[in-house]
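Quick mapping for you: the protein sequence lines, in order, are chains X and G. All residue numbers in the first sequence are consecutive under this note's numbering, ending with 344. All residue numbers in the second sequence are consecutive under this note's numbering, ending with 960.
Keep in mind that the hints were calculated from the coordinates and are not lab data. A couple of the hints might just be wrong.
Below, a list of computed lysine to aspartate or glutamate pairs in the EDC-like style, where the Cα atoms sit at most 16 Å apart [stated by the list, open to error]:
{"id": "1", "chain 1": "G", "residue 1": "K540", "chain 2": "X", "residue 2": "E326"}
{"id": "2", "chain 1": "G", "residue 1": "K588", "chain 2": "G", "residue 2": "E750"}
{"id": "3", "chain 1": "G", "residue 1": "K568", "chain 2": "G", "residue 2": "D613"}
{"id": "4", "chain 1": "G", "residue 1": "K540", "chain 2": "X", "residue 2": "E269"}
{"id": "5", "chain 1": "G", "residue 1": "K949", "chain 2": "G", "residue 2": "E937"}
{"id": "6", "chain 1": "G", "residue 1": "K568", "chain 2": "G", "residue 2": "D644"}
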Amino acid sequence: MARIPVQFTLNGQEKAEFIESGATLLNVLRDRMGDTSPKGGCQQGTCGACSVIIDGELRLSCLTLAETCEGATIETAGGLANGSELHPIQQAIVDGFATQCGFCAPGMVMAIKVLLDAKPAPSREDVVEAISGNVCRCTGYEPIIQAVLSVSRSNSQQAV
Amino acid sequence: MEIRSEYFADERPETLHEIGQSRPRDDAPGHVTGKTGFFADRTFPDLLHLKMVRSPHHHALIKSIDTSEAERHPGVIRVITAKDVPHNLYTILILIQVGPEDETVLADKKVSWKGEAVVAVVATSERAAHEAAAKVKVDYEVLPAVFDMEEALKPGAPEVNPHHPGNYYEYDSGDHRKVRYGNIEEGFAMADHILEQTYSSSPIEQAPTETTGCIVAPEGNDRFTCYTNTQAMFFTLDNTSIILEMPGHKLHMVGGTVGGGFGGKVDVIVEPIAILAARLTGKPVSFIYSREEEMQISSPRAAEKIVIRDGVMNDGRLVARKVTGYTDAGAYSRHSPYGAQKGAAHYPGPYTVPNVWIDTYCVYTNRTPSSAMRGFGVTIADFALEVQMDKLARLIDMDPLEFRFINAYRDGDIKAHRQPTEGAALIECMQEASKVANWPVAEKYMAMSSAKREI
Ligand code: FES
Ligand code: FES
Chain X
185 MARIPVQFTL NGQEKAEFIE SGATLLNVLR DRMGDTSPKG GCQQGTCGAC SVIIDGELRL
245 SCLTLAETCE GATIETAGGL ANGSELHPIQ QAIVDGFATQ CGFCAPGMVM AIKVLLDAKP
305 APSREDVVEA ISGNVCRCTG YEPIIQAVLS VSRSNSQQAV
Chain G
506 MEIRSEYFAD ERPETLHEIG QSRPRDDAPG HVTGKTGFFA DRTFPDLLHL KMVRSPHHHA
566 LIKSIDTSEA ERHPGVIRVI TAKDVPHNLY TILILIQVGP EDETVLADKK VSWKGEAVVA
626 VVATSERAAH EAAAKVKVDY EVLPAVFDME EALKPGAPEV NPHHPGNYYE YDSGDHRKVR
686 YGNIEEGFAM ADHILEQTYS SSPIEQAPTE TTGCIVAPEG NDRFTCYTNT QAMFFTLDNT
746 SIILEMPGHK LHMVGGTVGG GFGGKVDVIV EPIAILAARL TGKPVSFIYS REEEMQISSP
806 RAAEKIVIRD GVMNDGRLVA RKVTGYTDAG AYSRHSPYGA QKGAAHYPGP YTVPNVWIDT
866 YCVYTNRTPS SAMRGFGVTI ADFALEVQMD KLARLIDMDP LEFRFINAYR DGDIKAHRQP
926 TEGAALIECM QEASKVANWP VAEKYMAMSS AKREI
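If we strip away everything but chain X, and leave its shape as in the complex, we get:
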């Protein structure tokens, strides 16, 4: 099958790869670029475990063809921490017991990041809406919602 070149920025690093036309971004990130933080829970756009941020927008990498990401800036949960220092969203999930099996967490974290980047002090309804595309079978969602609200509370304290 014909291979095509693709270049994009992944978590601040330039990446270039020859890929099969039709390959999903999820498979290219995981199998070709070694970033296994996006997870494949359904491969059909229904679970959100593969969520990544492309040019500032939340996207399902299982439904995104890698070849459409030419020149894009892509962020994944694997690039969010600053060295060994967790991002505040990640820390809040750890502190709030908001992850159990962990499979949904990388996608969940990205959905939350997009929300908080746009709206540092969201309402509970905003949080529910923002994570509504991310399935979690373990936590029952409430600890996740509480974790997001705790980040937003510390955001607003910092703003004061």
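Assemble the complex: chain X is given as a structure, and chain G with the ligands must be docked to it using the hints.
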């Protein structure tokens, strides 16, 4: 978190360091950074992909299988059928002597549920495996199917599984599990009221976020490493060893973090065939359920039907409880004979009843095989029992919580299956629930204790 230290104060040392403390999970930082290793977070050069050809019928004889066109499809490395499986008959719990072996890894003569595995196609890409699977031709003769447990138990019903004549699991106690305690007829004779109700449940899919799967890498020397998300590593190792007729030291099972299981990953389904594929091709092989397979193929919690007949006195005492439980195993046993047996041991629930009669049946139908899920065998039983308790309380015009206090088991009570009760805490849990739910009960119930009966 807070410990209600007034309960069982005399049983608890003052030196507890961990109980009652909140501790961070040490796996959580790995989860949120995506660094936690799940089985599928690895790839191998030359990785092959396995896709299953499945039965489109609920019940059918296999007349012939033609794989020739699939074998010629570009990218296909190997097509596997029943004759390639060394010991193509198994049942998971044979390891603890719960037989007979009743299920094929790949169907040879007939299929007994819609979705049953028939042919495995191994190819260089998922896409090629999919396309080739569609080219496998299986000629079926459709048989009548049965989906209802009571229909399945009737004489003349279609035989779902030749290893289970009559469509029930044959226990050493006969066609069902039995618990007999006291004298059930006397209990009903003395009762002020008798209430019989029937409860039914549907199968429930565990729906873990990560689907069932494994990746197998040949190590050379006919030894294989299997990276799997099984919840039951030793079931998997030992059953694979039986099915593939390979000694255990040739099978290196590597587990790890499981992306949700809830019992859905306790069966041994993907590993034997994936290891066989790796053995036949000499290449690493990945067999991962699609979301559709996870929902349709992996075994759900069994459907159950439960008939409860209770005798109760006007003062609130339960004096007789008769339960007939049916567990729908689907076409094969997996963990369901064990589930039905657990149900038998679990009734009459956390209550002390002097006269008890329990019959539980494990029934075969042409539905998806059921198996483990969170407390299987007792979860639906508890649903039925507690709804029944509410109805009984209403019948005798009593507060439903006080009704439960009257019947709650206490330390030293002999259960219907003859084990003495130890470490009971139902009374104390209900006392605390009464407070936090602001559902007050009479003072005498708040003075009760699980440790002793008031005279
Ligand atoms: S894997 Fe992309 S939404 Fe489920
Ligand atoms: S923590 Fe298991 S799916 Fe969310």
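Hint-by-hint comparison with the structure:
1. Only pairs whose Cα atoms come within 16 Å are accepted, and G/K540 paired with X/E326 is rejected, the gap being roughly 24 Å.
2. Simply put, G/K588 and G/E750 have alpha-carbon atoms about 14 Å apart, close enough for the 16 Å limit, and the pair holds.
3. In summary, the hint linking G/K568 to G/D613 is supported, as the alpha carbons are separated by about 9 Å, within the 16 Å threshold.
4. Taken as a hint, the G/K540 and X/E269 pair is honoured in the structure, with Cα atoms around 14 Å apart against an allowance of 16 Å.
5. Distance check on the hinted pair: G/K949 and G/E937 sit about 14 Å apart at the alpha-carbon level, within 16 Å; holds.
6. The hinted pair formed by G/K568 and G/D644 meets the criterion: a straight-line CA distance of about 5 Å does not exceed 16 Å.
The structure fails hint 1 only (numbered hints given earlier).
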